[in-house]
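Just so you know, the protein sequences line up as chains A and B, in that order.
Going by the numbering used here, the first sequence opens with residue 1, and the numbers climb by one from there.
Going by the numbering used here, the second sequence opens with residue 1, and the numbers climb by one from there.
Among the clues, some could well be false.
Straight-line distance between alpha carbons at most 20 Å, and here's what the computed SDA-like set of lysine to any residue pairs gives [to be verified]:
1. K125/A - K160/B
2. K160/B - G147/B
3. K137/B - K125/A
4. K160/B - D399/B
5. K43/A - D99/B
6. K43/A - A123/B
7. K43/A - D130/B
8. K43/A - P92/B
Rough simulated footprint, nothing fancy, chain B against chain A, three-plus residues with beta-carbon under 8 Å [what the hints assert, rightly or not]:
9. 31-39
10. 50-60
Hint data in this document are derived by calculation from the structure and do not stem from the laboratory.
In this text, a Cβ means the ideal position worked out from N, Cα and C, and glycines have one as well.
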Amino acid sequence: MKTFLWIIFPYICLTSFILGHVWRYKYDKFGWTSRSSQLYEKKILSWGSPLFHYGILGVLAGHVVGLFVPESWTNDLGISEHRYHLVAVSLGTVAGVATVTGLVLLIYRRRTTPSVFRVTSATDKIMYPLLGIVIALGLVNTIGVNLFGLGGYSGGYNYRNSVAVWFRDVLTFHPSAAPMIGATWSFELHALFAMLLLGVWPYTRLVHVLAAPVGYAYRPYIVYRSRDAQGASRLPRRGWERVDQRVSVKRGRH
Amino acid sequence: MRVMAQMGMVMNLDKCIGCHTCSVTCKQAWTNRTGVEYVWFNNVETRPGLGYPRTYEDQDHWQGGWERNRRGRLRLRSGGRASRMMRIFANPKLPSLTDYYEPWTYDYDTLISAPAQKDIPVARPISQIDGRPMQIKWSANWDDDLGGSPEHTIDDPILKKISKKIRLDYESAFMFHLPRICEHCLNPSCVASCPSGAMYKRSEDGIVLVDQDRCRGWRMCVSGCPYKKVYFNHRTGKAEKCTFCYPRIEVGQPTVCAETCVGRLRYIGLFLYDADAVLEAASVEDPTDLLEAQRSILLDPHDPAVLAAARAAGIAEDWLDAARRSPVYDLACRYRVALPLHPEYRTMPMVWYIPPLSPVVEALRDTGFDGEDGRSLFAAIDALRIPVEYLAELFTAGDPQPVKGVLRTLAAMRAHMRCVNLGEPVDASIAEAVGMTADEIEALYRLLAIAKYEDRYVIPSAHVEIAGQLDELPGCSVDFESWSPHGGQGLGGGEPVPVAIQTFNLARRRAQADRFADLEEEQMKGES
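Just chain A, same shape as in the assembly (with noise of 0.2 Å):
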């Protein structure tokens, strides 16, 4: 069971989440979209989406220090494990706590405006609350074990010698279940989870994570394409939901 949950399961999520991809930008191109509904309501949104985002972009920011920086390269730097544990918990406090505020305030819209509640698809329906849960247990984490001292952590979890460990480890190709045993239900929870998002990832609307503007920042303003390197026209692609009968062209003597 500690194989395959530790080892086989987030071998199969993460090979999801790369194939997943190349799959879709192969062929759902058209479909690989942020789907914002700011046009059916922009009040909520103004705060919901930019409270979400930022928060969830601190939260990533969190994660690679976390998961990536082993503590012997933190100790080296003369940062003790106290010092080392009070700046993040901390600055994921922050985090979080706007990602959560950010994320009720769009699901809530969600659900309460009919025209947004419309276009939300089965994938949404499958993924808002899988992105609710990790999001919930890494509230958990951070704020219950690691602040208050849940289940017997008074100085805080060290997920750097266990969780981070095992995650690199999966990374690197050397899987081990060692690492977590005798982690905390919770952090484990939140892993398993968000290996299951991940591998859910592509084939929904989080798609468009990997559809952030850093070219925008090189590029010069004006692009120009000529003609002949588009090609031939192609038949329409699938979007995300049918906006058109496919034209059946007719056969026989032109």
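Fit chain B to the given chain A structure using the hints.
Quick look at chain B alone, frame taken from chain A:
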């Protein structure tokens, strides 16, 4: 000098009767789909009026287009790259549906499925956005023909600019129609705003398009465009815009809006321009100099130096020939009667307008004067400040002089042609007053009044080397039955021939024939 070709359009506003045929045919062709119910690539506005979306010209609010900063450099009015990226999660300057209008349909089914009852069943309006019954409060042309004025008209951003000085009272009321499509600008701020690089200007003909596969729905183009001519498809999550009917243009046919224009007021042709000079021209300090700056980068297609540079840039000979015969170049640069819409946005728009003389003529006639007399018209153009100032705010960044110049030319043409038509001796001083000769005036008259289909639309086809890609109906060429190793019936070699090419000559004959009988005769000849 880097010569590039640009498809341009000129609309003669005196001829627009506001029938909305262009809007309707455009909608049928392009935006007759879910997600773009509220979208009109072509719309016709009554001016004075709020426009569509409402008050889109108020750039203090919407912040579209470019501005010149203190160091004399152009930047997007909505801010630098970084500051706009900070606002990507909730674009504050995106018009909401209420600024356009909430599209609706009617519950027609009630009319036939309602049970027998005392009252006649009514088809209620149903929102196409949330599917619920709704109150219709606004549409794309709610203030058509000054409907609801002055209640609505008072909020016209252009009127606000000039009515600080003069109030628009009933006596001085004037009205004209303004058909609008995408401007296909030389310096498009929508393209510059697109974070994904999905929007581009085609290097062959300057048409501005959205790559639907690369658009990620960030909506920055919608706010970046000061004319609000990029729209967000709320179902596909992608930006869409006027395509200048490129599948038709590529085979030499005019756009749908131009083809179906009842008043025949649209002209389509080529401009040659110097792409290296665009930025400098768009950055001139005084906004009232922008009109001349814009004209200055358009190159004379008769100039041998320009032709040589164009050939060096790979522009084909038939395109250069089309540029020489271009009605839009003649109207904008030779006769200088066409003006760009809102040059102060610094996007170098390529849809030009001949401002209407009719408000002046009507005012003159209403006061008992002769509406076709040259001198009365000249005097009226100088006296009627409100219409002229209004037109100046639309076409010349507020400078009344160029507008007056155009109106005087149109007035001179009117007076001159009356002499000709009535067989009276021609008063040479009329033409002289606007710096033209009688021949020039008559040539302008022919172009504006009686130009035939092939004179109004001088559109070179895209190149034969790539004709295999030409296809009016995407995807259908490969579906032809004749596409088989044995060759099909009906088509010679079994090669797929795109429908557009196949029907091109027929369509052209149909469009250019003066009478249906001519066409039938020709067909008879062809068959025998």
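These are the hints, each one checked on the structure:
no.	hint	result
1	K125/A - K160/B	violated (48 Å)
2	K160/B - G147/B	holds (18 Å)
3	K137/B - K125/A	violated (33 Å)
4	K160/B - D399/B	holds (16 Å)
5	K43/A - D99/B	holds (14 Å)
6	K43/A - A123/B	violated (32 Å)
7	K43/A - D130/B	holds (17 Å)
8	K43/A - P92/B	holds (10 Å)
9	31-39	holds (count 8)
10	50-60	holds (count 4)
The structure is inconsistent with the numbered hints 1, 3, 6, although it conforms to all the rest.
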